[in-house]
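There are 2 protein chains.
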Amino acid sequence: MRPGIDVECREVGLRDGIQIQKVFFPTEGKIAWLTAEAATGMPEIEVCSFVPPKLLPQFADAKDVVAAAKKIDGYTIAALSPNLRGAMDAFEAGVHKLNYVTSVSEEHNLANVRRTVDESVEDFKRIVELRNEKAPDVKLATGLATALGCSISGQVPVADVMALAGRFFEAGADELVVSDTVGYANPQQVKEMFNAVIGEFGDKVPVAAHFHDTRGLGLANVFAALEAGCRHFDASLAGLGGCPFAPKATGNIVMDDLVFLLEGAGMKTGVDLDKLVQVREIVAANLPEEPLHGMYAKAGAPKGFVPATQAA
Amino acid sequence: MRPGIDVECREVGLRDGIQIQKVFFPTEGKIAWLTAEAATGMPEIEVCSFVPPKLLPQFADAKDVVAAAKKIDGYTIAALSPNLRGAMDAFEAGVHKLNYVTSVSEEHNLANVRRTVDESVEDFKRIVELRNEKAPDVKLATGLATALGCSISGQVPVADVMALAGRFFEAGADELVVSDTVGYANPQQVKEMFNAVIGEFGDKVPVAAHFHDTRGLGLANVFAALEAGCRHFDASLAGLGGCPFAPKATGNIVMDDLVFLLEGAGMKTGVDLDKLVQVREIVAANLPEEPLHGMYAKAGAPKGFVPATQAA
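Just so you know, the sequences run in chain order A and B.
Reminder that position 49 of the first sequence reads as 47 in the working numbering, one-by-one numbering, no gaps.
Reminder that position 308 of the second sequence reads as 306 in the working numbering, one-by-one numbering, no gaps.
In short, the hints are calculated from the structure, not lab data.
Keep in mind that a hint or two might mislead.
It does not matter which identical chain is used: a pair holds within one copy or between any two.
[Said to hold, decoys possible] Taking lysine-lysine and the DSSO-like style, the derived pairs with C-alpha atoms no more than 30 Å apart in a straight line are:
#	residue 1	residue 2
1	K301	K20
2	K52	K273
3	K296	K20
4	K95	K301
5	K61	K301
6	K301	K68
7	K296	K68
8	K266	K68
9	K95	K123
10	K61	K266
11	K20	K266
12	K132	K69
13	K273	K132
14	K137	K296
15	K52	K202
16	K123	K266
17	K296	K202
18	K202	K273
19	K123	K137
Take these sequences, add in the hints, and give me the full structure.
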């Protein structure tokens, strides 16, 4: 975590937020978005996914986006890849961090990346080897998708989450991302899950939260995870996002509302909230048909509100 | 609290939800709404406000609504009044509970009820006397409006909230309702506030929460209050509501999403969530121009979801 901040927010809108958009988000627009958002003080931005363009044409420009992202200093450039081939491309492009994702639910993993969980873990081990050889400074984060419920198999046992977390940790993961991929999580469940995962792995690697707001509980889940000691949160500006294989699971939690929650709670994010709200205009200009979410942007700051970062 | 439930939800849509509606919600529609919602198992419904019709014409039919509400058994019929005159009418109409409201913020109280806080407390004492004489079975709840921030004066000191809570308790209040009237609250602040109020008064009277979702933190605030031991929550179906004197403070927290949160957390509300979602149709039919909020109603239940009340 960057010095001087209490909680790390990570923008995933340029990946999770736009991956199911049918409209191609122009490369220049992506670069304008990440440039403006890096300037708000956002400590980490997931700028793209390294996947076959025929599968997700939205990311056909991944190399160009990373190249542009690298011209800016002061934040972590992350990219997602679900396999070795994409990881290779991401390392070559020069990302700082690779996000690898596997569903805890076997059925969801088969639907999402067409492999069993065992195969995904084996592939991750090959990515670790490649990283150690070719890009030793790159951090490897492992996303535990459907950790809080699966739209195909329903409830996901905590023991399954702990087991997969353990396998990834043993294999060399630098971070564990507990993910409510389909927006099923309840804050009570989140508290118990994060207590368990942080209790087991929290002193070894960062444990992050990736929540969707599908059923309105996204920010309640954030507070529950905060209470359990989580200090790393994914979100997407204006709540863009979803999963192509999780019906109706549209919408990451809203980054602007997340920052408002954290800053109001006295936790420094390092992000300038006013500037962040202005970045929504870039998204709106590039996705004119897409509804933008977020209550803070509509209602404005409470009278006399001083964000923790500004109070410092 | 009704036996067999863990948390008490209280529908305030028929009062807070519609008081700023410019369209008159037809009396028959109001009766259909409260009848259908009582049938979901909702333990308490605030059915109207006893205020001068020239001030709030929406409640010109308050007596008729209460008369209809009393034909149904098994739930608490509440009504709001900000003054002695309205309380008199409410007692005569036969409500089970009277909600009296005073803003902790002097400026907001002057704007909302045209009296100082001192005058409001004195008026409450007269209501207690009247209740003791004329309607000894009626419970008196006191709302501490703007307890978590004021759109006129900004931050509201915890000490002011505790002082007003103390004055109402001494005067004879049967319940204290800590209210985020203008949607300023942050879950960290909520946790501290409810720890303080419940710590001081929780063993004497119920301490309830009244949250608005103006800035997206309403359900996070619910979880924070739950963590502090609060077990009584106001909400309005489909998130209708607001305050005429609090600019942009539209929207109580969404009852359907609240029940989803609580039932998913393993807490019995006694409310049938599926039936509750269907009641939204009555609201939609009577307020066709009004946007209905609520994520659960849009996304549906998680696969395999069993509400705590149904599991019992």
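At most 30 Å between C-alpha atoms: does K266 with K68 qualify within a copy, between copies, both, or neither?
within (25 Å within a copy, 52 Å between copies)
When no copy is specified for K202 and K273, does a C-alpha distance of 30 Å or less occur within a copy, between copies, both, or neither?
neither (34 Å within a copy, 47 Å between copies)
When no copy is named, should K95 and K301 be tagged within, between, both, or neither for a Cα gap of at most 30 Å?
Neither. Shortest intra-copy (39 Å) and inter-copy (33 Å) distances fail the 30 Å Cα cut-off.
Checking K132 and K69: alpha-carbon separation at most 30 Å within a copy, between copies, both or neither?
Result: close within a single copy only, 21 Å intra versus 76 Å inter.
Given identical chains, is K137 near K296, meaning Cα to Cα at most 30 Å, within a copy, between copies, both, or neither?
Cα proximity of K137 and K296: none, with 36 Å in one copy and 38 Å across.
With identical chains, the pair K123 and K266 could be close in the same copy or across copies; at 30 Å between alpha carbons, which is it: within, between, both, or neither?
Neither, since 35 Å and 45 Å both go past 30 Å.
Is it within, between, both, or neither for K296 and K20, if the alpha carbons may be no more than 30 Å apart?
both (26 Å within a copy, 22 Å between copies)
Since the copies are identical, ignore which copy is meant and state whether K301 and K20 lie within 30 Å (CA to CA) inside a copy, between copies, both or neither.
Classified as between; 27 Å across copies, 39 Å inside a copy.
Checking an output row: K301 and K68, CA cutoff 30 Å. Within, between, both or neither?
Intra 38 Å, inter 42 Å, cutoff 30 Å: neither.
As a check of your reading, is K95 near K123 (CA-CA no more than 30 Å) within one copy, between copies, both or neither?
within (16 Å within a copy, 64 Å between copies)
Tell me, please, which holds for K273 and K132 at an alpha-carbon limit of 30 Å: within, between, both or neither?
neither (37 Å within a copy, 58 Å between copies)
Which holds for K61 with K266 at a C-alpha limit of 30 Å: within a copy, between copies, both or neither?
Result: close neither inside a copy nor across copies, 32 Å intra and 52 Å inter.
In the structure shown, a violation is registered for the earlier hints numbered 2, 4, 5, 6, 7, 10, 11, 13, 14, 15, 16, 17, 18, in ascending order.
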